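Whole structure, please, built from the sequences with the hints as guidance.
Protein chains in written order, with this note's numbering: chain A, 1 to 297; chain B, 1 to 234.
The set of hints was computed from the structure by calculation and includes no laboratory data.
Keep in mind the model is a prediction, meaning the values are calculated, not measured.
From the three backbone atoms N, C-alpha and C, an ideal C-beta is built for every residue, glycine too.
There's no promise every hint is true.
Said to hold, decoys possible - Beta-carbon label-pair distances, calculated as ranges:
1) A:Ile72 with B:Pro108: 32 to 40 Å
2) B:Gly164 with A:Asp286: 23 to 31 Å
3) B:Leu168 with A:Ser96: 47 to 55 Å
Stated by the list, open to error - In silico DSS-like links for lysine-lysine, alpha-carbon gap of 30 Å or less:
4) A:Lys121 with A:Lys131
5) A:Lys166 with B:Lys105
6) B:Lys131 with A:Lys284
7) A:Lys166 with B:Lys111
8) A:Lys166 with B:Lys52
9) B:Lys52 with A:Lys83
10) B:Lys105 with A:Lys83
11) A:Lys166 with B:Lys131
12) B:Lys228 with B:Lys28
13) A:Lys166 with B:Lys115
14) B:Lys105 with B:Lys131
Claimed, not checked - Some chain A residues flagged as far from chain B (calculated, every beta-carbon gap over 10 Å):
15) Leu36
16) Leu73
17) Phe116
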Amino acid sequence: MSFNIFMQNVVNGLSLGGLYALIAIGYTMVYGILRLINFAHGDIFMLGTYFLFYAVAIFHLPWWLSFILAIILTALTGVLTEKIAYRPLRNSPRISLLISAIGVSFFLQNAGIVTFSGIPKAFPRPDIFKKILIIADIRIQIVNINAIVISLLFLMILLYIVYNTKTGLAMRAISTDTETARLMAIDVNRTISITFAIGSALAAVGGILWALKYPQINPLMGIIPGLKAFIAAVVGGIGNIPGAMVGGFLLGFTEIMLVAFLPRLSGYRDAFAFLILILILLFKPDGLFGKNVQEKV
Amino acid sequence: MLRIENLHVYYGGIHALKGIELKVMEGKIITLIGANGAGKSTTLRTICGLVKNQQGNIFFKDKDITNLETRERIIRGLVMVPEGRRVFPNLTVYENLQLGAFVRKNMPAIKSDLKWIYQLFPRLEERLTQKAGTLSGGEQQMLAVGRALMSRPSLMLMDEPSLGLAPLLVREIFQIIAEINNQGTTILLIEQNAYAALNIADYAYVLETGNIAMEGPGKDLLNNQEVKEIYLGG
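Spelled out as structure tokens, the structure:
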């Protein structure tokens, strides 16, 4: 493989990894705070792309405005799913919550097929995302650079919120010990809603960047990216936010490299991700950056 | 300051509190002693709303708080130092203290309270950036107390603050409780260490399987024959 092809793959890997990271955050934050694997998260990701599609195609809004609107609407949908499907089950066994999440996932997929139709739609792409950049013989799609920059930007905003704001402190407190967090007069319901809003907003950003890379959307498009981002979250240690980011980049990067170096195995790229999940669960179930706090009693 | 009337609590299928009556007067240290399972923790958890009572009322500063959320009760000036300290192990000492002041907005007042906490517990100031999980048991207890004080409570509930601490530290903790009380915070303390608790308390209640079996000034109970036999080891 020549150097320029290799560099193209590096860029591809990083951009795919950035998307996984954005989606993985939603899984890991919700798990941290509710101990729930929110299997509807991939479908929230799908909704983000449709919100943008309709804003542009039906309401003829400018693309940037549609982008912002889609993020807000997706965040609201996330908050709503928690209120309707998870909050009433807060004190039920965790398996009920999980089943409810799977139910929400099926509901969103099928509601999507009914309302958006199952036929894939062409995703509106402004021209700037179509260009190809050539630096010293390395051909790079602009959209990949954008994906990397935008995902890094949002990941940095997220880290700032989680580690430097009062809301972030409340989130971390709840995820360690909900009852004691309540004793600190933290508004637990509000904090959980904010968590869902942030996770869903990042999923929308991920979904839209995804649709810019692969500009066809359909109501079932969230399943595989959703599962892979879940794997990324597990790789990084579910509940651990920086871990989910690293896990996302790691998974995206290895997936692209697998295809690049062993093109004959490219049909197995999804299977490869699940293989990683199985290996992690077998040998390092806490993930690469799992619980690192030692407790003295 | 706090008045409990005819409080009944059913907890996991058990009738844990069977109509207890209890009063906490402003500025005092009140203690609740009793054997394991007598209902001491349930009483405290009900006062701060972590457990809901099925019958009876809780009045705090003459307002009925029976149906308020925990958060609302904390905002009104209640606070609890929970059993087993329950500091947030993965957060720093400083972040733990900040969480204590979570609902407060007055930054200068919070800063001056932090200074007060550092005076009470100089060791916390040395360890501000350390994760709370790496502190020793005694230091964690100090952090739990400091964190509670950061909400500027008028009534502090303490659930077994001496549990699992070395005798020397137990003495230190009780000195600190007295000091905090001297500075104006009312305290409701529950303890296995009945001797130390009765010694420090202005008034005490003895809880037996969900009922108040006895009550009186701390020093009186200390000399009571029955209390001596059952709780002070003869």
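Consistency of the hints with the structure:
1. A:Ile72 with B:Pro108: 32 to 40 Å: Cβ of Ile72 (chain A) to Cβ of Pro108 (chain B): about 36 Å, so the range 32 to 40 Å holds.
2. B:Gly164 with A:Asp286: 23 to 31 Å: holds (27 Å)
3. B:Leu168 with A:Ser96: 47 to 55 Å: Given range 47 to 55 Å: holds, Cβ gap about 48 Å.
4. A:Lys121 with A:Lys131: With Cα atoms ~21 Å apart, Lys121 (chain A) and Lys131 (chain A) stay inside 30 Å; holds.
5. A:Lys166 with B:Lys105: holds (11 Å)
6. B:Lys131 with A:Lys284: holds (24 Å)
7. A:Lys166 with B:Lys111: holds (16 Å)
8. A:Lys166 with B:Lys52: holds (28 Å)
9. B:Lys52 with A:Lys83: holds (23 Å)
10. B:Lys105 with A:Lys83: holds (29 Å)
11. A:Lys166 with B:Lys131: holds (18 Å)
12. B:Lys228 with B:Lys28: This hinted pair holds, its Cα atoms lying about 23 Å apart.
13. A:Lys166 with B:Lys115: holds (20 Å)
14. B:Lys105 with B:Lys131: Holds, at about 25 Å.
15. Leu36: Leu36 (chain A) is indeed farther than 10 Å from all Cβ atoms of chain B, at 20 Å.
16. Leu73: holds (30 Å)
17. Phe116: Consistent with the label, Phe116 (chain A) stays out of reach of chain B, its closest Cβ about 41 Å off (over 10 Å).
Checked against the numbered hints listed earlier, the structure breaks none of them; every hint is satisfied.
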